[in-house]
Amino acid sequence: MQKIFDPAFMLSNVPEILSYLPVTLGIAAISGACALIIGLGVALLRFYKVRILSQLCALYVSFIRGTPCLVQLLIAYYGIPVFLRFINAELGTSFNVNGIHASVFAIIALGLNSGAFMSETLRSAIQAVDRGQFEACYSLNMSPWQTLRRIVLPQAFVTALPPLGNSFISLLKETSLVFSISVVEMMAAAKIVGSRSFRFFEMYIVVAFIYWICCLILEQIFRYIEKRGLRTQRRES
Amino acid sequence: MISVRELKKSYDREHQVLRGINLEVKKGEIVAMIGGSGAGKTTLLRCLNYLETPESGTIRIDDAFIDAQKPTRKHIRALRSKSAMVFQHFNLFNNKTVLENVTEALITVKKVPKKSSEDRGRELLEQVGMLDKAAVYPSFLSGGQKQRVGIARALATEPEVILFDEPTSALDPEWVAEVLGVMQKIAARGITMLVVSHEMRFVRSLATRIVFLSEGRILEDGTPEQIFRNPRYERTSQFLRLADLSLESAAL
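Chains A and B are the protein sequences, given in the same order. Residues -15 to 221 in the working numbering are what the first sequence spells out, letter by letter. Residues 1272 to 1523 in the working numbering are what the second sequence spells out, letter by letter.
I should point out that these hints are in silico values taken from the structure, not numbers from a laboratory. Ideal Cβ placement from N, Cα and C applies to all residues, glycine included. It is possible that part of the hints are untrue.
Claimed, not checked - DSS-like, lysine-lysine: derived pairs with alpha carbons at most 27 Å apart:
1. K157(A) <-> K175(A)
2. K1382(B) <-> K1367(B)
3. K1381(B) <-> K1279(B)
4. K1341(B) <-> K33(A)
5. K1385(B) <-> K1404(B)
6. K1298(B) <-> K1381(B)
7. K33(A) <-> K1345(B)
8. K211(A) <-> K1341(B)
9. K1297(B) <-> K1345(B)
10. K211(A) <-> K157(A)
11. K1367(B) <-> K211(A)
12. K1382(B) <-> K1279(B)
Said to hold, decoys possible - Stretch-level coverage of chain B by chain A, calculated; a stretch enters the list once three of its residues show a Cβ under 8 Å from a Cβ in chain A:
13. 1354 to 1360
14. 1364 to 1372
15. 1376 to 1382
Unchecked claim - A few chain A residues that don't get close to chain B, going by computed Cβ distances all over 10 Å:
16. L20
17. V34
18. L40
19. G76
20. V81
21. N82
22. S123
From just these sequences and the hints, can you work out the full model?
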């Protein structure tokens, strides 16, 4: 008789699932880096209330917040090729639409998704930096860019770290959706292995634990960075 | 050396803060700007550094000149390079050590090499008695210590004039004396100083000149002797009486 729950099967398939971990981490890392850049750019445009662009950014953030990540993935997967074909037809360019790997769409969609959330975090963190810090810079004749890079952003990042850490953790978990646009990563591997044996439950337990462990490690990394960032501040007793 | 002409500034249509300020300051003068709250002292000071944008009038410091009706970025930078500000709430860079606070502008603005910036920074910290805290972050300092670092930071770029915006009014009484001591030291070196202050000890003992502002205008302008002995306006003597009262209570 077939076992109700098969731990031996579960463990024997861990290596196969784990072999897709680099794909998951790769997508998370690259889209995370994109998200941080997008988030910072959007945050600055909105902080400085740059005309037109800041309104467009607000629209973008609103759209991302108001639609499910899965839908965004599908829109990117089907929409970007349509857009490129349109460009090809209109401008006579020759982008090889079919040659684009699905993971590129995944990275674009996840990067844009996470970037919107990070931009809100960063904007509020920049706003939380004391006005006097800006004034001190300007009075010393530092340029707006020097002011941001050397004084304001380092302080804003410390404030932003805990919510940014949450965003990264969410992003890592959201990579589990990209199988829906045919990218084979860890979650996809679990489904594939599961369907071979009809032992889906065991495989989902395995991926759940792998995600959990990854998130725990990420949490520790962020805790460490935050502690380093806070060394400039006296601990309130 | 400083020449302000017909400087006007309002925050909204109703509320005019500066109603045409004319002020000439010679090199080495130590000018105390006094007046009731809302008189425009701080606004005037901040306009000299262009932290506040005046609507009309002109400002000249040394060879930097700006016309408030057509300021360019270049003119603003030139003007700012002539002055440095000491803030009421210190505004030290929280993410920089005491030494880095002093060297920051030298490195980023004046492009002085790191090594010589640090030598200069240490020298300045020595002068304000803060050298032993060079590696400490501002949040670990007392108010008086912070303001001494603030003064060292302002001195670093060797400005023509140092603008003090109520430098002691955010301090606990016990720290006021040490900051005044440092200011006295700088004053003795002949640096031009414009000081918005309610600290009558400073006004009486250090200032070479007193400017009394009221409702956005300069009402009186003279030596401390003149202003304290025979002010021209009743409003001035009224204000001085109140200020003197606060001096007495501080002495108690």
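So, going through the hints one by one against the coordinates:
Restraint check for K157(A) and K175(A): satisfied, since their Cα atoms lie roughly 16 Å apart, inside the 27 Å limit. At roughly 18 Å between alpha-carbon atoms, K1382(B) and K1367(B) fall within 27 Å of each other, so this suggested pair holds. With a C-alpha separation of about 31 Å, the suggested pair K1381(B) and K1279(B) falls outside the 27 Å cut-off, and the hint is violated. A C-alpha spacing of about 23 Å is found between K1341(B) and K33(A), which places the hinted pair at or below 27 Å, so the restraint holds.
Of the pairs offered as hints, the one joining K1385(B) and K1404(B) holds, with about 19 Å between alpha carbons and a cut-off of 27 Å not exceeded. Restraint check for K1298(B) and K1381(B): the C-alpha separation of about 23 Å stays at or below 27 Å, so the hint holds. Under the criterion of a C-alpha separation no larger than 27 Å, the hint pairing K33(A) with K1345(B) is consistent with the structure, at around 23 Å. Our distance criterion of 27 Å between C-alpha atoms is broken by K211(A) and K1341(B), whose separation comes to about 47 Å.
Straight-line distance between C-alpha atoms of K1297(B) and K1345(B) comes to about 25 Å, which keeps the hinted pair within the 27 Å bound. Taken as a hint, the K211(A) and K157(A) pair is honoured in the structure, with Cα atoms around 25 Å apart against an allowance of 27 Å. For the hint linking K1367(B) to K211(A), the alpha-carbon distance of about 16 Å falls within 27 Å, and the restraint holds. Taking the CA atoms of K1382(B) and K1279(B), the gap is near 35 Å; set against the 27 Å cutoff, the hint is violated.
Residues of the stretch 1354 to 1360 of chain B lying with their CB closer than 8 Å to a CB of chain A number 5, which satisfies the three-residue condition for coverage. Using a Cβ-Cβ cut-off of 8 Å, 4 residues of the stretch 1364 to 1372 of chain B lie near chain A, which meets the minimum of three, so the contact claim holds. By the rule of at least three residues with a Cβ nearer than 8 Å to a Cβ of chain A, the coverage given for the stretch 1376 to 1382 of chain B holds, with 3 such residues. For L20(A), the condition that its CB be more than 10 Å from all CB atoms of chain B holds, with the nearest at approximately 19 Å.
Interface exclusion of V34(A) from chain B stands, the closest Cβ pair being 17 Å apart, more than 10 Å. For L40(A), the condition that its CB be more than 10 Å from all CB atoms of chain B holds, with the nearest at approximately 26 Å. Non-interface status of G76(A) relative to chain B is upheld: no Cβ of that chain comes within 10 Å, the nearest being about 42 Å off. For V81(A), the requirement that its beta carbon stay farther than 10 Å from each beta carbon of chain B is met, with the minimum near 45 Å.
Every CB of chain B is more than 10 Å from the CB of N82(A) (nearest about 49 Å), matching its label as outside the interface. Once the 10 Å rule is applied to beta carbons, S123(A) is inconsistent with being away from chain B; the minimum gap is 4 Å.
The structure fails to meet hints 3, 8, 12, 22 from the earlier list, while all remaining hints are met.
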